[in-house]
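Asks: The chain contents come next:
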Amino acid sequence: AQTVTQSQPEMSVQEAETVTLSCTYDTSENNYYLFWYKQPPSRQMILVIRQEAYKQQNATENRFSVNFQKAAKSFSLKISDSQLGDTAMYFCAFSHSGNTGKLIFGQGTTLQVKP
Amino acid sequence: DSGVTQTPKHLITATGQRVTLRCSPRSGDLSVYWYQQSLDQGLQFLIQYYNGEERAKGNILERFSAQQFPDLHSELNLSSLELGDSALYFCASSDHRGLFGYTFGSGTRLTVV
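Going line by line, the protein sequences match chains Y and E. Numbering of the first sequence is given in this note's numbering, commencing with residue 21 and proceeding in unit increments. Numbering of the second sequence is given in this note's numbering, commencing with residue 24 and proceeding in unit increments.
Do not rely on the hints blindly, as some may be mistaken.
Unchecked claim - Label-pair ranges, simulated between beta-carbon atoms:
id, chain 1, residue 1, chain 2, residue 2, range
1, Y, Q34, E, R45, 39 to 45 angstroms
2, Y, Q132, E, Q64, 16 to 22 angstroms
3, Y, T25, E, A37, 35 to 41 angstroms
4, E, Q64, Y, G105, 22 to 28 angstroms
5, E, L84, Y, N51, 30 to 36 angstroms
6, E, G107, Y, T40, 31 to 37 angstroms
7, Y, A21, E, E105, 22 to 28 angstroms
8, Y, R63, E, N74, 24 to 30 angstroms
9, E, G81, Y, N50, 20 to 26 angstroms
As the list claims (entries may be wrong) - Covered, in the sense of this in silico footprint (three residues per stretch, anywhere, with C-beta under 8 angstroms from a C-beta of chain Y), are these stretches of chain E:
id, region
10, 68-79
11, 108-117
12, 120-131
It should be emphasised that the hints constitute simulated quantities derived from the structure, not laboratory data. Here a beta-carbon is modelled for each residue, glycine too, at the ideal position from N, C-alpha and C.
Generate coordinates for the entire structure from the input sequences, incorporating the hints supplied.
Replies: What follows is the structure, encoded as structure tokens:
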């Protein structure tokens, strides 16, 4: 069974600095998709970034980028120039390409951006 | 507005009661997913429907059931409620296989007293 592990329950960063959130996953599949979701205090789940396992190039969305290490089954999220609005819980998620589309989520990392 | 509509936003009910949560997916999406998020926890997959048919089942209790109607809206029924059922229930929708991620609704906060 696929599992997703986020080993950092809480993190903090100063405004304008860079922070990296860790995520590892376990799967025997070769084709899959990885996601980072953000859940701010409003509780709305927002898709931050998506990575296809068959693409070696790391995905980037503005200040958000990932470091995808397929052999190590690692998928970290880097937030550059952190802003107060980045304060949220961040969830790493996995979906097997041959699956129904079911997303398996990690337990989340609470990120606090300090002024 | 994400395009996924969940009602009601808040629900307070007593133990032993039954409630129905409703979800309208984003226009064009055929898949609907239900997730449960307990306090400060991750999201637990409950069930998925695709175009009216059950596609996948997660850790959904026997007291819980769901369905997707011909107009693609979905309902999650929770019965014989217990205090431990208090949680945020999310509905999400996607295209056929969800490979581009889900669009989430804003959730229903259920409090069982």
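Asks: Take the hints in turn and mark each one as holding or not.
Replies: Hints and how they fare:
At about 43 angstroms, the beta-carbon gap between Q34 of chain Y and R45 of chain E stays in the expected band of 39 to 45 angstroms. Taking 16 to 22 angstroms as the suggested C-beta distance range, the pair Q132 of chain Y and Q64 of chain E conforms, at roughly 18 angstroms. Between T25 of chain Y and A37 of chain E the Cβ separation comes to about 37 angstroms, which falls inside the hinted range of 35 to 41 angstroms. Checked against the hint of 22 to 28 angstroms, the C-beta distance between Q64 of chain E and G105 of chain Y comes to roughly 23 angstroms, which is consistent with it.
A C-beta distance of roughly 32 angstroms is found between L84 of chain E and N51 of chain Y, which places it inside the suggested range of 30 to 36 angstroms. About 35 angstroms separates the C-beta atoms of G107 of chain E and T40 of chain Y, a value consistent with the hinted range of 31 to 37 angstroms. Checked against the hint of 22 to 28 angstroms, the C-beta distance between A21 of chain Y and E105 of chain E comes to roughly 27 angstroms, which is consistent with it. Taken as a hint, the range 24 to 30 angstroms holds for the pair R63 of chain Y and N74 of chain E, whose Cβ atoms sit roughly 28 angstroms apart.
Between G81 of chain E and N50 of chain Y the CB atoms are about 23 angstroms apart, so this pair conforms to the stated range of 20 to 26 angstroms. Remark: the region 68-79 of chain E is confirmed as covered by chain Y, as 5 of its residues place a Cβ nearer than 8 angstroms to a Cβ of that chain, reaching the required three. Proximity of the region 108-117 of chain E to chain Y, defined as three or more residues with a beta carbon under 8 angstroms from a beta carbon of that chain, is established by the 4 residues found. Restraint check on the region 120-131 of chain E versus chain Y: 10 residues with Cβ-Cβ distances below 8 angstroms, three needed, restraint holds.
Checked against the numbered hints given earlier, this structure breaks none of them.
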